[in-house]
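Following the hints, complete the assembly by docking chain B onto the known chain A.
Which chain is which? The protein sequence lines are A and B, in order. Using my numbering, you'd call the opening residue of the first sequence number -4 and step up by one each time. Using my numbering, you'd call the opening residue of the second sequence number -4 and step up by one each time.
Everything labelled a hint here was simulated from the structure, so no lab data went into it. You may find that some hints are simply not true.
Heads up, simulated DSSO-like pairs for lysine-lysine below, C-alpha to C-alpha not over 30 angstroms straight-line [stated by the list, open to error]:
| id | chain 1 | residue 1 | chain 2 | residue 2 |
| --- | --- | --- | --- | --- |
| 1 | A | Lys234 | B | Lys273 |
| 2 | B | Lys241 | A | Lys182 |
| 3 | B | Lys58 | A | Lys234 |
| 4 | B | Lys182 | A | Lys49 |
| 5 | A | Lys49 | B | Lys273 |
| 6 | A | Lys234 | B | Lys234 |
| 7 | A | Lys41 | B | Lys345 |
| 8 | B | Lys41 | A | Lys273 |
| 9 | B | Lys49 | A | Lys49 |
| 10 | B | Lys58 | A | Lys244 |
| 11 | B | Lys273 | A | Lys58 |
| 12 | B | Lys58 | A | Lys41 |
| 13 | B | Lys234 | A | Lys58 |
| 14 | B | Lys58 | A | Lys49 |
| 15 | B | Lys49 | A | Lys41 |
| 16 | A | Lys41 | B | Lys182 |
| 17 | B | Lys49 | A | Lys182 |
| 18 | B | Lys41 | A | Lys241 |
| 19 | A | Lys41 | A | Lys211 |
| 20 | B | Lys241 | A | Lys41 |
| 21 | B | Lys244 | A | Lys49 |
The primary structure of each chain is shown beneath.
There are 2 protein chains.
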Amino acid sequence: MSLFRFSICAVSIAATLLTVSIAQAQQPPALPSPDATNAVTLGLMKGFPPPPDKVVRLAEILKYPNIRWAYQHLRELGPTAAVWRGAGSVSPLPAAPRELDALSFDDDKGVRLTVADWQRNTYTDALLVMHKGQVVYERYDLGMQAHQPHALLSMSKSLTGLLATELIREGLIDAGAPVSSYLPELKDSAWGDATVQQTLDMTTGVQYQEDFADPKSGIFQYLIAGGLVPAPANYPGPKTITEFLKTVKKDGAHGAGFQYKSADTEVIGWLLQRVTGKSYAELLSQRIWAPLGAQEDASVWVDSVGTQLTSVGVSATLRDLGRLGEMLRLGGRFNGRQVVSADSVAEIRKGADAEKFKAGGMPMRAGYSYHNHWWIPHDADGTFEAKGLNGQHIHINPAAELVVVKLSSHPVPNTAFTHTLDRRAFAALAEALRSR
Amino acid sequence: MSLFRFSICAVSIAATLLTVSIAQAQQPPALPSPDATNAVTLGLMKGFPPPPDKVVRLAEILKYPNIRWAYQHLRELGPTAAVWRGAGSVSPLPAAPRELDALSFDDDKGVRLTVADWQRNTYTDALLVMHKGQVVYERYDLGMQAHQPHALLSMSKSLTGLLATELIREGLIDAGAPVSSYLPELKDSAWGDATVQQTLDMTTGVQYQEDFADPKSGIFQYLIAGGLVPAPANYPGPKTITEFLKTVKKDGAHGAGFQYKSADTEVIGWLLQRVTGKSYAELLSQRIWAPLGAQEDASVWVDSVGTQLTSVGVSATLRDLGRLGEMLRLGGRFNGRQVVSADSVAEIRKGADAEKFKAGGMPMRAGYSYHNHWWIPHDADGTFEAKGLNGQHIHINPAAELVVVKLSSHPVPNTAFTHTLDRRAFAALAEALRSR
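Chain A on its own, in the form it takes in the complex (with noise of 0.2 angstroms):
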């Protein structure tokens, strides 16, 4: 591959990672210290100007504990678009403010925390908990504020599923119809015969590789397309997200087993806006942040040509993701009026193939599966789920009346490496809840 000689470069971008594959690993690595990892007690990007050992690159943001400081301030390291709130009223979000840091339970090895513990042991830097449309608990940690918003990472997948959704139930875009009848310039990649559904919950059969222990991942080729990773000096490869999705071949069949790739939901992304004719920013402003009453404009990533990346590009307050996710736990319905419709909602619930996710290798989402950008646990609550890189989740349990927004800048990439611990907290609060 004539690619090969600069994963080279690629290396010492990986090297600085904490990578854990999961499915392989037989001892959970030696973590740094939450309190020692702390921006605001370490000083990151404090003064002016910070001390040079203090200050946060793009080009370091991926060293550990950079992300601490850069997940709340993700524009103030590159070119964003706006998602803007719109000009109505805020919608409210009643407190009733319950006492939970103190609420407990077990870790899977029968090590009994606190709510508290957990927050602290998985590098919270905002937790929401909301139970019957009320804030019951509401935290920032890292100086964080409530005004600021914070990077979704692959919570921007659900994001674009949910706007896939809506357009497919609309009649705009035909969840069966081959992806390049929409976007001809991928007619000879991967994505030239696989369909929007096939894409949409990501069973495509693509020579593309999410692992960010394998410089040669194709994550890597994806993330210097979209910016979020400078390129290498002579990079030969693709510079833009539109450039580098045309450069994906296709590997296997379409439809037989989950994979899960950025790459899927930057077609998606650009399917929609191919479509409305409307970029990303405004189909999420028009469609979901202004009828939601959002209190903060949202922001969206964007390559060097303007491309808005779908995929990992959004941050947003803690606040309005709460909103998010109580509108869609009321099946589409909030702020007075049906914002996405019920069907939509009832169409990501449904979920997919539990018998195809399997070959996605990850043991520990057992019985999941990942439908139109949506986790679903298939459990008996009807729990569904928007999950990000380093630990960033929204829970929405309907049975419970429950919705969980956790921000956080775990040094572990994979969210699966806290996936057991995180499912026990949520119960633990949806039990705690439940009994009032």
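Relative to chain A, chain B alone:
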């Protein structure tokens, strides 16, 4: 000078500018027509992705007509910090529309033209006219929407100057103290023995020229340091704003004559942040944007280490600038509260020594002075103004109870090029509205 050989790189940048040194110009340059440079009809950045020849990149931002798109989309080209509007309600801007397009006046050559002609001929992106606190005229062109922030360029200086005036009044800064008493890093620079007031009035003697026609001019080192112009390969010059300021040497005496220079503002901006321990964006938010009841967040460009560009970096919406102008017209009172002190507004309006202004080489602005980063014409109506590159204006006429905000993307950087015409238009508006 060691920087000389690198100035060659800047030539290519400067060569793309339609630069005119107004003082020396014998003939007006041939300008591209406003219609032929309309970003919307040209299709700049239109499409997903835009065709290669329609892409606007930061590196080519100064290549006309790219600013006709870029000034509405600056945050999409690089790193910015949010100037939060706060959590309060939006202050009302009552509308009382009046037909002003057909209002006519004579230009300096005796040619009759209308307000509509004036807007078109000066490449106006948005125009707001307020009379007695009511919006009598509001118009957007080139696809600009009311909620979109537009680059203020050097009108940012007036925001910085307003903040400085407030901090001086509050005793946090001593106007007569040397800059280096607050910023010891500048002890060996031009500002080592310059006072805060000399820096605010730009009467410092500094080896730095603000000449867009001269690629060796300090303005290019400043823009490269600020990240608004990309550094040429192996550029040995300063790569951040504060590093740049340290390299600037004294030239002549301080306090002798006015000389317009962005570097002075960056010193003031740095000083504000050092003294308060807050970022410029925080100061602007807490002291101006939030109390004004601004409708939208503003934004400010940041350099590679997070230093905010207090001289040219702010973008804001037309209406929020109308709120700002109205607040200043009313002696600091707006939105039911005293936003800035009446003393500060009075101090700004007092102006500086018009004799010293003559040294600045701006014959078109005869009779003006520049005080605390505001343009003071010393005219009968007591007008005062903020101005920025390529035709940015806030014109406040207390006698006529008039505020005009004009945002533009004129091909000639120096706003002095249209100065006489703009002043005639402002006067015509004042006359027409005053007689109501």
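Results for each hint:
With a C-alpha separation of about 37 angstroms, the suggested pairing of Lys234 of chain A with Lys273 of chain B is violated against the 30 angstroms cut-off. For the hint linking Lys241 of chain B to Lys182 of chain A, the alpha-carbon distance of about 55 angstroms lies beyond 30 angstroms, and the restraint is violated. As the CA atoms of Lys58 of chain B and Lys234 of chain A are separated by approximately 22 angstroms, the hinted pair is consistent with the 30 angstroms bound. Simply put, Lys182 of chain B and Lys49 of chain A have alpha-carbon atoms about 24 angstroms apart, close enough for the 30 angstroms limit, and the pair holds.
Distance restraint check for Lys49 of chain A and Lys273 of chain B: the Cα-Cα separation of roughly 17 angstroms lies within the 30 angstroms cut-off, and the hinted pair is therefore satisfied. At roughly 24 angstroms between alpha-carbon atoms, Lys234 of chain A and Lys234 of chain B fall within 30 angstroms of each other, so this suggested pair holds. Proximity of Lys41 of chain A to Lys345 of chain B is assessed by CA-CA distance (about 37 angstroms); at most 30 angstroms being required, the pair is judged violated. Between the alpha carbons of Lys41 of chain B and Lys273 of chain A the distance comes to roughly 10 angstroms, so the proposed pair stays at or under 30 angstroms and holds.
A distance of roughly 39 angstroms separates the Cα atoms of Lys49 of chain B and Lys49 of chain A; the hinted pair therefore is violated under the 30 angstroms criterion. For the given pair, Lys58 of chain B sits about 37 angstroms from Lys244 of chain A by alpha-carbon distance, which is inconsistent with the 30 angstroms threshold. Straight-line distance between C-alpha atoms of Lys273 of chain B and Lys58 of chain A comes to about 26 angstroms, which keeps the hinted pair within the 30 angstroms bound. Straight-line distance between C-alpha atoms of Lys58 of chain B and Lys41 of chain A comes to about 36 angstroms, which puts the hinted pair past the 30 angstroms bound.
Distance restraint check for Lys234 of chain B and Lys58 of chain A: the Cα-Cα separation of roughly 22 angstroms lies within the 30 angstroms cut-off, and the hinted pair is therefore satisfied. Of the supplied pair hints, the one linking Lys58 of chain B and Lys49 of chain A is violated, its CA atoms being roughly 35 angstroms apart against a limit of 30 angstroms. At roughly 39 angstroms between alpha-carbon atoms, Lys49 of chain B and Lys41 of chain A are farther apart than 30 angstroms, so this suggested pair is violated. The straight-line distance between the Cα atoms of Lys41 of chain A and Lys182 of chain B is roughly 22 angstroms, inside the 30 angstroms bound, and the hint therefore holds.
A C-alpha spacing of about 24 angstroms is found between Lys49 of chain B and Lys182 of chain A, which places the hinted pair at or below 30 angstroms, so the restraint holds. Between the alpha carbons of Lys41 of chain B and Lys241 of chain A the distance comes to roughly 20 angstroms, so the proposed pair stays at or under 30 angstroms and holds. Note on Lys41 of chain A and Lys211 of chain A: the hinted pairing is violated, with a Cα-Cα distance of about 35 angstroms set against a maximum of 30 angstroms. With a C-alpha separation of about 20 angstroms, the suggested pairing of Lys241 of chain B with Lys41 of chain A holds against the 30 angstroms cut-off.
Between Lys244 of chain B and Lys49 of chain A, the direct Cα distance comes to roughly 28 angstroms. Compliance with the 30 angstroms bound is thereby established for this hinted pair.
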